[in-house]
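Engineer: As a plain string of letters, each chain reads:
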Amino acid sequence: MSKRNPDYDFKWCPGCGDFGVKRAIESALVQRSTEKQESVEHTVMVAGIGCSGNLVHLQEGPQPFGIHGIHGRTLPIAYGIKSGRPDLNVLIVSGDGDFLSIGGEHIGPQAKRNLDVTAVVMDNGVYGLTKGQASPTTEFEAVTPTTPYGKLDDRMSPLETYLSAGVGYLASTLSTQVKQMAELISDAMDHPGFAVVHVQSPCTTYNDTYAALKGNAKEGIEPLAFPIPDDHDPEDFMAAVTLARTGRVPVGLLYRRSDSVPAHERLRAARERVGVKQLSVDEILTGMAI
Amino acid sequence: MSKRNPDYDFKWCPGCGDFGVKRAIESALVQRSTEKQESVEHTVMVAGIGCSGNLVHLQEGPQPFGIHGIHGRTLPIAYGIKSGRPDLNVLIVSGDGDFLSIGGEHIGPQAKRNLDVTAVVMDNGVYGLTKGQASPTTEFEAVTPTTPYGKLDDRMSPLETYLSAGVGYLASTLSTQVKQMAELISDAMDHPGFAVVHVQSPCTTYNDTYAALKGNAKEGIEPLAFPIPDDHDPEDFMAAVTLARTGRVPVGLLYRRSDSVPAHERLRAARERVGVKQLSVDEILTGMAI
Amino acid sequence: MSKNLVVRFAGEGGQGVVGGSEILAAAAAQVGYHVQTFATFPSQIKGGPAWGQASISTGPLLSGGDYLDILVALNRYAYDHNVQELREGGIVIYNSEDFELDEGGRAIGIAADQLARESGNPRAANMIVIGAVAELAGMPLSYIEQFVTKRFSRGRPGDEQIIEGNIKALHMGAEACKGSFSLGSPIEDPTPIEGERILIKGFEASSLGAIAAGLDTFIGYPISPATTMLTFMEANLHGDDYFVGQSSSEIESIAAILGAGYAGKRAMTSTAGPGLSLMGEGLGLAWMAEIPLVVANIQRGGPATGLPTKTEQSDLLVSLNPGHGDMSIPVIAPGTVEEAFWAAAAAVNWAERYQGPVILLSEASIAERAEDILKPDLSLVREERRTVSDGSVENRRYEGDGVSPFPVPGGPGAYVANGSEHDEPGDTTHLPDVHVRMTHRRFNKLDVLMDGDYESERTDAPVALMPWGGSKGSARGAYNEIIEEGEDLGWYYTMYLNPLPPALLDELRAKELVIVPELNYLGQFSRVLRSMGVNAQSITQYTGLPFKVGELKSSVREQMRAESGKLARV
Amino acid sequence: MSKNLVVRFAGEGGQGVVGGSEILAAAAAQVGYHVQTFATFPSQIKGGPAWGQASISTGPLLSGGDYLDILVALNRYAYDHNVQELREGGIVIYNSEDFELDEGGRAIGIAADQLARESGNPRAANMIVIGAVAELAGMPLSYIEQFVTKRFSRGRPGDEQIIEGNIKALHMGAEACKGSFSLGSPIEDPTPIEGERILIKGFEASSLGAIAAGLDTFIGYPISPATTMLTFMEANLHGDDYFVGQSSSEIESIAAILGAGYAGKRAMTSTAGPGLSLMGEGLGLAWMAEIPLVVANIQRGGPATGLPTKTEQSDLLVSLNPGHGDMSIPVIAPGTVEEAFWAAAAAVNWAERYQGPVILLSEASIAERAEDILKPDLSLVREERRTVSDGSVENRRYEGDGVSPFPVPGGPGAYVANGSEHDEPGDTTHLPDVHVRMTHRRFNKLDVLMDGDYESERTDAPVALMPWGGSKGSARGAYNEIIEEGEDLGWYYTMYLNPLPPALLDELRAKELVIVPELNYLGQFSRVLRSMGVNAQSITQYTGLPFKVGELKSSVREQMRAESGKLARV
Ligand SMILES: Cc1ncc(C[n+]2csc(CCOP(=O)(O)OP(=O)(O)O)c2C)c(N)n1
Ligand SMILES: Cc1ncc(C[n+]2csc(CCOP(=O)(O)OP(=O)(O)O)c2C)c(N)n1
Ligand code: SF4
Ligand code: SF4
Ligand SMILES: [Mg+2]
Ligand SMILES: [Mg+2]
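Protein chains in written order, with this note's numbering: chain A, 1 to 290; chain B, 1 to 290; chain C, 1 to 570; chain D, 1 to 570.
Take these hints with a grain of salt, some might be off.
As the list claims (entries may be wrong) - Within a straight-line C-alpha distance of at most 20 angstroms, the following computed PhoX-like cross-link-like pairs (lysine-lysine) qualify: (1) B:K131 - D:K46; (2) C:K3 - C:K548; (3) A:K11 - C:K3.
As the list claims (entries may be wrong) - Only part of the chain C face toward chain B is listed, based on derived beta-carbon distances under 10 angstroms: (4) P140; (5) S182; (6) S247; (7) A256; (8) T429; (9) L500; (10) P502; (11) L504; (12) L505.
As the list claims (entries may be wrong) - Covered, in the sense of this in silico footprint (three residues per stretch, anywhere, with C-beta under 8 angstroms from a C-beta of chain A), are these stretches of chain B: (13) 30-36; (14) 76-88; (15) 249-255.
The hints are simulated quantities; they were obtained by calculation from the structure and are not laboratory data. Glycine included, each C-beta is placed from N, C-alpha and C at the ideal position.
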């Protein structure tokens, strides 16, 4: 059920991390529309397929446009939206399976183009909607319905993947940090180019990582999550790689490329530089006259 | 025309870098069959679509098996081949478009599985067979039929991509270095896990980079290619990343993961560890008895 | 006394409605009834309207039944949205902790959760309800006690206690509605069934059929309603002979099983519509390079992401021609859970025999339902293997105008398996006559698949009914009633949709009219039949649910009337 | 005197055989002949057997012609593999530097390279050969001089010298075979043609047709024979109004133009079979979410990588049903270079009008050939735009049972475009009645596309010929000859393959037999027609080459005979 449409009856499981992400996005959009007078109709939410993607139907408050398509194709759809409409703000909401497995091929090309979109990736380390199979971010050796002997593939490091692909803005956070997440999302939307906010968003039904992320002082369990130290320079690429390779979950802004020129700006500038004249169809046809 | 089949009439353009790659592979296979008594029928060459992939039909000397399928799918085909037949040696021959653009999605998953195959990627920085369009490795700002204002996407760094994906053996070389390449290929085939030999293989017709790679002392042009310093430790991941990020072409062995356990070994060991008994169909059905 | 009992448990996902119906069915099956389950739920993990149904009968069941005898409604929404399907005289059991009902005395409120707590086992709410159902249906509690005893005798400490607790809950449920009222006609006692019976779901049957025929390799990507085959394989195939893997996408799946097939393995994937739509190029490659493989496509509602958890038969056209260029992919579509076993075995064997891709076209309603069947006689399962090259034709893998020996890597006959047009050794060619020759070769190979069998009855009737896939059961139900009513109507049915058994095709071509009930909008199979010269017309339905026998019967009779009107006018 | 002249330049890729034929055709077009070119070459960059052909005529050309008047053979292989197509009395010009021939006096050796060097311009070998061709064909050299003069008058220093050199080479070539012998009947002088004529290739025509209809966005991935559209767009669309981009795969292409269509743009991609096979899921999404877009699929030989540089018409079935679930994608297939312009414009307009995906189904032989046509009258090009939502139905984008106003992001009516089954605001649903309602809505929308026009002639004849796509020309040639021979045969033709113009379908259904010539194995279009109740039969060819008029004519006459035999027996 959503405010907009009481007939819509999808529900996340109690405690699902995605609730926090929803609240963070809502608050970022409200803030942008009140503080920056950004028109919410100029925001398009592009959703992946998975529990996470259903966020697009659940959004309360000011209603952006949405598109909820097929599994793994948020980025190319966003590419098409921005291609002729750089005036639109595109916000991707996707899961680890959708964005990093079947959709993983699209990260590199958009990073190289520096497409001006923000992707919020809800990483629960599992395929939620299809009932708990291993995803690229599932822990090594975890037993799931598709890994009866424990997962044998190395765990993927999404942060490292984004960095090497050339993503120009990268933040990592937790679904419980709603306020910080809202700020990071808004900051990412301000970044002129491809930005990713990667969120640890636990799946209470199939992969409940709340305890592991928080740790447990009593039982001597170190938390996986740790705040990015204040002295980290987000423009230092190798430092960001090092943070990404800790095997833990850094929380905060990892990387920001300062010289970021987004795809549509590159095109505009190049066209201006080259200054080719647009011929009409009639002129082109006339050029073919016998 | 190939030795095996005089009716086959495909030809590379004069000077094409792929000739050198062909010779290197031939010599590696000969060496393996003579020195190691490796049966060439146990080698399968999986070819991509492009000028480069046609190598599979041109191979002279001992004839391996081959499969020449569809664009971009060498790795998943190789995955299937190895899945039930770890006894086969799989050698992938592919181009920058095939392996890194449409096929780019497959690198991560196979690296994480640590599939035991060797990929020889012929990088000419261009789509050769389709006549010279930009590829992910085409230089920034290069003018091609699909980049009339110069290429606006950042150039991809394949070496960095492989490393961050988790490729466990990575060499970089030039098509002109036939002897060294043959050794690297054979070494890569010996590596228990996913290995990539990335070859700068110039396209004389659409992107002739011979001069740029070699440089020109007289005209003060620095060569792009440089030998990897002897003191480089191929087990040092961050050092390999640094080499990959020079913007130039390191020649030699960049990275080798010493603790590499290939996919089929992981599976075998895990099954042994877990020791589940295989039930017959009859037993399973009987278990469903009413 | 009645021969059938249909009970539906309706509520929210997570309330155990599917489990409840399955327990009831299992219990009934155990004492000798025939059973079938059916469930439907939205694409979400917890919550959302869901229901599970158990159909129980003294005779073999053709379909789930059109109307409910008992509706168990766990909330108001469930009641409102299911009560229309209650038959006259049917009973509602409702959750009186959630809402109140006054249904002219045919509704009975039970506080199942509270009773369960009182029974000492707060998780026994399901048993309370089942006890109530048994009481109302006139089914001896001893039947269910038997089941409970068997099910929980697992040789663990505490088994006995659990059994006792559950039996107590059963009786409490029965007690709770004793004396209120009951179904007009309680269900007859079961009649003993000969043979070794099993209770099995469709996805289990097709997985096991494929394994029985020698499957080596299974690689798949999760997608409803096909994930269950993948996880069944993961759970049941171990050891060096087998490989089971989760892929990173359907594009990887199809290419991977192609690689496995090329390397000599019998390989399979399972998927549903969205995945199949990504496999068109790979299936074309298997056709072109002549690589055996099987794609099990478990149909759901389409197109695009569509209706992931509903049933439909709308992937037939794309299965026959999934990609560009001239091809004609063999398709086998089972119509029952039992056939799901044999169809899968046949698919693996066909792929080996003609050396190419085969689509096992199943559907959600078959894959997900449980049915009691006789344990398949495994001595009847063939395990065919492709003819392997002994190297005598050297590397000329594509020699000849039909199926030829297959060189397996590691053995003799090194060649290039090629997805471009190729000559005999597999090297690329552009010569017109070679393209013609190889095209003929590829289509000629279908000739070895003309052995499919088919059902036919009343072959003299000018009009025939011919369902396909999962619509078989409802169609057969409708057919039986029509025949009983004295009408003349032929019956044809086959799992082998492509190539159709030639003798069947001949018979169909001779009919005035062939009526094809199918769950899609386009009338996909009748289109195919018409393109082959059969005067076929569809009866379509596209609700995401199976046909009801009664509705289908009226539609068939209407088409028969229209046809005889037409004939009369001629 | 003759009305036609067919000259083929055969040799290796890289020897300029395609260029040679195009120069000859352009020169002939310029002085008033009708021309058509055709070329074929393997999938490689340099080398390999290749040929280019120029067909020149005093009247409009329907096809490239069945036989060669002059064969220019640059090597022995080219001679051996092309001489069978030389007509009786035809002439061979061969490269005497490469091999020797004795062809009963109908062969003449020319050392073109050497002569070119002697002319002072070593790159003028082509001109030497063209001079020889003109001399032998009895075509005044002045015609070609005119062309050379115009072509090289580019206002650059040195133009004059180049012109002079080329003209010298022409004369040297002519001189080299003067007095030897000549074609029995030299070609007639051209008759002046009214109107503004242009020489244009098929891919240019379809690109420009789309632009004329208002195309905004073009995103494609290179693939033969569709890359030319992508590079044409890159070269010709500049400025803020347009976006042209190379994608990283066809999966990216389809999703990207879908995103553009969603955002209000008129968007298109071009691809060929392997790419189309990757777009099935995306096309289903466009159908389901109701997003306008156009896929130009330029057919080559299939399946899989197939025959990348050859022509075929074997992607019709997959175009109509490219993915899972119930859909029926509109398909427009041009039959000539001129139609390629109008078909592309219509495709863009159809997509806007019905708000969904459209396939422009062209083929290698049309995309790659140059033809002289009258410059399209741009005042006849419509530029349709989808009706945009003004927000009056709020966010109920999928309201109603047909085309409804489209909310464009940035404007009012925020909704979710959804590829799962959805309700009016675009939110996911699993309710049976909504799936039924929305399925009807999607199919009803096709009703607004029933305006396609068609050709019909001799509509009383019981048997009709109905080609589609690029087989139109040869079929028309065959048709004309059959009619001239006094037979009765109807003619039907349309570019609008789906939905077919309803009146056309009615006419076809009334025929005893509709004969469909098509370049595929399965007889794809006749299958579709039969499934719609038309008694259609195909004449198929699958060589990678177009039909020859003479062969097609015999096949048509044979089918006509068989049919009348059948009728007589009735
Ligand atoms: C082409 C295709 N393949 C598979 C599916 C089935 N599917 C739906 S959601 C999903 C995985 C979702 O995992 P993730 O993206 O991590 O989302 P989560 O549910 O965990 O939020 C899959 C495999 C599909 N819809 N389409
Ligand atoms: C699905 C698909 N898309 C596009 C093509 C067309 N195609 C053939 S080769 C090629 C590019 C090859 O580039 P690369 O891999 O770099 O090989 P090269 O020719 O440069 O060696 C493309 C796009 C195809 N065959 N299949
Ligand atoms: S299954 Fe997991 S990810 Fe999906 S809604 Fe439930 S808790 Fe959230
Ligand atoms: S086009 Fe380039 S890559 Fe292809 S054969 Fe020629 S030189 Fe080699
Ligand atoms: Mg997930
Ligand atoms: Mg390349």
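Engineer: Among all the numbered hints in the text so far, which are the ones the structure does not match?
Structural biologist: 3, 4, 5, 9, 10, 11, 12, 13, 14, 15
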